[in-house]
Structure formats: structure tokens, C-alpha cells
Amino acid sequence: MLKYIIKRVLWVIPTLLGVLIILFSLTYLMPGDPASAMLGPRATPELVEELNNRLHLNENMPTRLGYYLLGVVKGDLGTSVWSGHSVSSLISSSLPHTALLAVSSLGVAAVIGVFLGAFGAIRQNSPISRFVTIVSLLGVAVPDFVAALLLVLLFCVKFPILPSIGAGTDGGILGIATHLILPATALGIGWVGYLSRLTRESMVDVLDSDYIRTAKAFALPQRSIAYVYALKNAIIPTITVIGLGVGKLLGGAVFVEIIFNRPGLGKMIVDAVYARDFPVVQGGILVATILFVLANLLADISYGFVNPQIQYD
Amino acid sequence: MNTTSSKRISGQMNRQMSLTPRWTETLIMAFQSVAKVKGGLIGAIFISVMLLSAICAQWISPYDPNAQNIIQRFTGPGTAHLLGTDYLGRDILSRIIYGCRIAVLVAFGAVSLSSIIGVFLGVMAGYNEGKKFDYFIIWLFDIVRSFPQIILALAIVAVMGPSLVNVVVALAFTAFPFYGRIARAQTLSVKEADYVKAAEAMGQKPLTIILRHITPNIMAPVIVCLGMDMATMIIWESGLSFLGLGVRPPTASWGIMLRNGYKYIQVSPWMILWPAVAIALSMIAFSLFSEGLRVALDPKERER
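Quick note, the sequences are listed as chains A and B, same order. For the first sequence, our numbering assigns the number 528 to the initial residue and increments by one for each residue that follows. For the second sequence, our numbering assigns the number 198 to the initial residue and increments by one for each residue that follows.
To be clear, the hints were calculated from the coordinates, so they are not data collected in a lab. Treat each hint with caution, since some may be false.
Claimed, not checked - Taking lysine-lysine pairs in the DSBU-like style, the calculated list, with each CA pair at most 30 Å apart, reads:
(1) 759/A - 743/A
(2) 759/A - 530/A
(3) 534/A - 328/B
(4) 329/B - 530/A
(5) 685/A - 394/B
(6) 329/B - 402/B
(7) 534/A - 329/B
(8) 530/A - 328/B
(9) 394/B - 328/B
(10) 402/B - 328/B
(11) 394/B - 329/B
As the list claims (entries may be wrong) - Residues of chain B clear of chain A, computed beta-carbon distances all greater than 12 Å:
(12) 225
(13) 233
(14) 245
(15) 261
(16) 265
(17) 274
(18) 313
(19) 331
(20) 361
(21) 386
(22) 389
(23) 399
(24) 403
(25) 413
(26) 446
Claimed, not checked - Derived CB-CB ranges, DEER-like:
(27) 731/A - 233/B: 43 to 49 Å
(28) 236/B - 528/A: 52 to 58 Å
(29) 259/B - 613/A: 51 to 57 Å
A virtual CB, placed ideally from N, CA and C, is assigned to each residue, including glycine.
Build the full structure now, drawing on both the sequences and the hints.
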């Protein structure tokens, strides 16, 4: 187990190195001269020259890659071509908004989803079980950004009861909370459906197993059989899915933040794409990727702890 | 005479030795069993309707999708325009039908590109298990899988410039490691099978073994993924177009329709509602279909 954890943690290093190389080589995919592409058609030659020097664009490829890797290791992600702010300061001001959105939507979705799924498995063919089916179908059918648009249409245009723009940082805790409801719902509704279906499926399997039959033979209370003995094992697939889901969640956050105009990481990346502000795009994607890699690492490791049956070589 | 007959015999022997069902047979069998699964048939019918409207868009759509009629803009569903009109007075139904074409093109393009590349690399890696090439491919897969998929696609399209082809390439690039990993894992077990050993003993070339004996036998789980992945690609195409990073307007794409609908959300709900319905229906269709595929191709499920 320990050997597996060490191997798994060490593997992160070459992976992140590769991620950096890909992010670096993206600049080569740009048609034409990257500096003039970033500065736009009206840039003077002096400005282009200055940017070329600042971003080391005149050097050959290995040198530039060296500069880039060295900067990242030192924690320097470069400066925004447009605003002149350092990319890390832009990220640290936008990341909390995305983190709050992601954690609150996934957290609430996981609790509701697992509970609905477990309940649906225990009472098969009950109204709740049918409700789980409908919710999971809805979650599959309506992707997060479409859900966000429909929520805006329903709760901001038809029945204007919830705010649709910004993060509500001026309004104190209450403002932040009310501004969080719609985006978090849009991002989480698919997860409720997905996790409830997943939990129900694995719960049905677990309830069929021998140890549950034994527990029933010992006349343990129904409720503790279901929610303690069965759920503990039925929840295992859910954990890996949540780890993998952080990537989807960060991707979904891009759309939700654009639609609700929340100043998060996703909006920062897309705005930088529109402005051709490449250092910001690179930095934002790097941070999102690191978060995703760490989430997967945690999921993989915790999987071993939750399920001691798994043997690692 | 003698040489041709011996060739024929060795050809027959090859066919008998390989014992692998042909691709087409596998596919037909799969579709037959999908139709038997509850829901799978509904999904298959839905998808056929989508394909049909994508192919025959110019004959079945009532109007030209780009024909503007400023006087009749923002109309709700009615007899003249079945689903209403958008901010330029364009017929929404026609645009939905043409949008189908973009969705299907991107989905099929991206999924076939990524699965062909992914499966090929995965099988090659699995066949060369433990060698440097294998580690390199695993590394490559892990790097690309580390990115949140849609964010990587967004970045690629952003630097290459938005266009239909670039969207397909970007989406395919983000998805190929998933096929690769499945293919590699399957190859590891299949390559130990007797018929592969027999082919090796007969002195067949590695590439022949990979293409004729291994690849057809690892396709079942890959095919299951194809169905669900097409749904994902449709979502992402419309997502990228929604951000203005997909196909270029005025091309009718569901994502562009949503983008315009969002701009005029205060004026007309229909511009958002109909493309959302189109996306939802195609998602349901693909998920029913791929669930049917999964059950049909899984011997354990079939026994139930």
C-alpha cells in the first residue's frame, strides 16, 4: 500500500512536466507571430519587439522552454499582456470564487445524490426510486451550461427572484449565498442525477451480497444494515467518480461563470482567450490542471483506504 | 496452378486459425441485440431521426436557415414558423435541423478520429508491454488526461482559431487517451490468448497480429464508449460555439443559437428553449442507446 502511494505520488512529477510542455507548445500552434497575434493588428513594431523580448520569444525553442519551466518552478507565471498584473495575482483573486462554487455544488450534490440513490435502492419501485430515475435522466439530458441558461430564464427573467450576475461580494454573507444558489444548482444538478444512479446501482449489488444476508440472519435492524453496512461499500465507486469529476466540474465552471458573470478562474481563462492574453490562459489552465491532478491523486489514494480488498503490486 | 491453390489453402487456414468474427458481423450482432434492450431501440430510433435530418437538412427544413425576415422577428411558435423565429427573423426549426448537421459532423468526426488514434496507440502499447514505447504512451495518455478536457479543447481552439475542423481536432485530441487506456488494458489480456499465440507461432508479422487478431477482439468496450462519447462531443461542440470558440456564425449550430438566445433572453424565451430541447433529446437518445449497447455487449448483463 505504502509503496503504491509513493509510486502514485512520484508519477505526478513527470505528468506535470508533460503538462507544462504541452502548455508551452500551444504557443507554437498560433498562426503567425505570437507577439503580434497577442497585441492585435494595430500594434507598433516597437511594442511587438518589446513583448518579444519580455516573453523571450526571440530565443530558440529549448531556451524558451527552459525560461518557462524555470519561471513556473519559481512560482512566476508571467504577467498579463493587457493589464500588466502578474498572472499569479489574477489567479489568486479569481480562484476562491471558483473553489466556493465547485465545493458547494459538488458537496451538496454528493450528499443529495448518495442519499437519493441509497433510498432508491432500498425501496425499489417506490416513488423515490422513480424520482431518482427521472432526476438522473434529466442530469444526463441537460448539460450544465444549458441548465444555467434555463435557470436564468426561469428565476431571473420569468420570475425575477434570484440574482443572476456577479458573485455578490458586496452584499456580505447573504449576498454571496444568494448569488451562489443558481450557479451551484446549474453545476450540481447533473451530479445529483449521476451520483444517485451510481449509488443506486452499486447499492442494489451490495444489498444482494452474502454479508448483508448474514446481517439480516442476525436480525440486525433494517436501517443499520442499509445505511451502515451496505452504504459503506456501495459508496466506493462514487469516490473515484468524484475525483475524476473535478475535471468536469472545473470545465463546467467555465460556462457557469461566464453565464452568471462570476469573476472566477473559468471566466478569467475565457476572457484571456478573447483578449489573446496568452500568459493568463497558460497560467489559468495550469492551475486548473494541477487542481485536477491533485484531486485524482487523492481519489486514487483514498480508494485504497476505503476498499482494503484492493491489492496493489 | 499449384502456387495459387496453396495460397488459397493458406488463406483459408488463416481465416480458420484467426477465429475472429469480422467487424461487420460484430456490429450487426451488436445492433440486433441493442434493439432487444428496453430503451436501446428508442435511442436508436432517435439517433436515426437525428442522422436523417442531418443528411437531408436541405430537403426537410421548411425555410433557408439563414434567410432573415426582420419584420417577423421574435415570434413564438405558430403556423408560419413552427417553433418561432429568432432575433433576425430566421426560422428556428430550420436552424435546429441544420444545427443537427453540425452536431452530428462534430460528434462523428471527433469520436472516430480520437478512437482510431487512441485504439491504435493503446493496442501498440499493450502489445509492447513493459518496453520503453509502452511507458512513453502511458505517459502521453496521462499527460493529456491530466487536463480538464473542455478547458484543453478551449485552449487548442483558442490558439488555432475557431472553425469546424479545429473543433473536431481539439475535441479528438482531448479524448484519445481514454480510448487508448481501454484498448491497452484489453490488449494485455487478449494477447495471452491461444489464437494470438498460434498466430505468432505461424510467424505472422506483429502488425498483422495487432490489426487482424487483437484489435477486433478488444472492440466491445470501445464501442460502448463511442455512444456516450458522441453525446459528450455534442455538448462540447455547442459549449464551444456558445463561447464563440466553435463553428463560425451564421452557421446554424445549437451552441450559437443558445449564445444568441442568451443575448436576447429578456425578449424571447424560445431562442433558448428550442436548442436546449434539441440538446436534451439528443443526450437522452445517446445515453439510452449506449446503455443498450453496454447491456447487449456484456455477457454478464445478457444473462439477467
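Verification of the hints:
1. With a C-alpha separation of about 16 Å, the suggested pairing of residue 759/A with residue 743/A holds against the 30 Å cut-off.
2. Of the pairs offered as hints, the one joining residue 759/A and residue 530/A holds, with about 25 Å between alpha carbons and a cut-off of 30 Å not exceeded.
3. Between residue 534/A and residue 328/B the alpha-carbon distance is near 18 Å, which keeps this suggested pair within the 30 Å criterion.
4. Under the criterion of a C-alpha separation no larger than 30 Å, the hint pairing residue 329/B with residue 530/A is consistent with the structure, at around 22 Å.
5. For the hint linking residue 685/A to residue 394/B, the alpha-carbon distance of about 67 Å lies beyond 30 Å, and the restraint is violated.
6. Among the hinted pairs, residue 329/B with residue 402/B is consistent with the structure: their alpha-carbon atoms are about 20 Å apart, no more than 30 Å.
7. Restraint check for residue 534/A and residue 329/B: satisfied, since their Cα atoms lie roughly 18 Å apart, inside the 30 Å limit.
8. Straight-line distance between C-alpha atoms of residue 530/A and residue 328/B comes to about 22 Å, which keeps the hinted pair within the 30 Å bound.
9. Between residue 394/B and residue 328/B the CA atoms are separated by roughly 19 Å; this keeps the pair inside 30 Å, and the hint holds.
10. Taken as a hint, the residue 402/B and residue 328/B pair is honoured in the structure, with Cα atoms around 18 Å apart against an allowance of 30 Å.
11. Between residue 394/B and residue 329/B the CA atoms are separated by roughly 23 Å; this keeps the pair inside 30 Å, and the hint holds.
12. For residue 225/B, the requirement that its beta carbon stay farther than 12 Å from each beta carbon of chain A is met, with the minimum near 27 Å.
13. Remark: the non-interface label on residue 233/B is consistent with the geometry, its nearest Cβ contact in chain A lying 21 Å away (cut-off 12 Å).
14. With a least CB separation of 19 Å from chain A, residue 245/B remains clear of the 12 Å interface cut-off, as annotated.
15. Distance check for residue 261/B against chain A: the nearest CB is about 26 Å away, which clears 12 Å, and the non-interface claim stands.
16. Annotated as non-interface, residue 265/B keeps its C-beta farther than 12 Å from every C-beta of chain A; the closest such distance is 24 Å.
17. No Cβ of chain A approaches the Cβ of residue 274/B within 12 Å, the least distance being about 16 Å, so the stated non-interface status holds.
18. The beta carbon of residue 313/B sits about 21 Å from the closest Cβ of chain A, which is more than 12 Å, so the claim that it is off the interface holds.
19. Every CB of chain A lies more than 12 Å from the CB of residue 331/B, the least distance being 15 Å, so the non-interface label holds.
20. With 12 Å as the threshold on Cβ separation, the claim that residue 361/B sits away from chain A holds: the shortest Cβ distance comes to roughly 16 Å.
21. Non-interface call for residue 386/B relative to chain A: holds, since the shortest CB-CB distance, roughly 16 Å, exceeds 12 Å.
22. The claim that residue 389/B lies off the interface holds: its Cβ sits roughly 17 Å from the closest Cβ of chain A, which is beyond the 12 Å cut-off.
23. Against the 12 Å criterion, residue 399/B stays outside the reach of chain A, whose nearest CB is about 33 Å from its own CB.
24. Distance check on residue 403/B: its Cβ is at least 27 Å (rounded) from any Cβ of chain A, clearing the 12 Å threshold; non-interface status holds.
25. The beta carbon of residue 413/B is kept farther than 12 Å from every beta carbon of chain A, the shortest such distance being approximately 29 Å.
26. No beta-carbon of chain A is positioned within 12 Å of the beta-carbon of residue 446/B; the least distance is around 15 Å.
27. At about 22 Å, the CB distance of residue 731/A to residue 233/B disagrees with the hint of 43 to 49 Å.
28. Against the hinted window of 52 to 58 Å, the Cβ-Cβ separation of residue 236/B and residue 528/A comes to about 41 Å, which falls outside the hint.
29. Checked against the hint of 51 to 57 Å, the pair residue 259/B and residue 613/A passes, with Cβ atoms roughly 55 Å apart.
Violated hints, in rising order: 5, 27, 28; the structure is consistent with all others.
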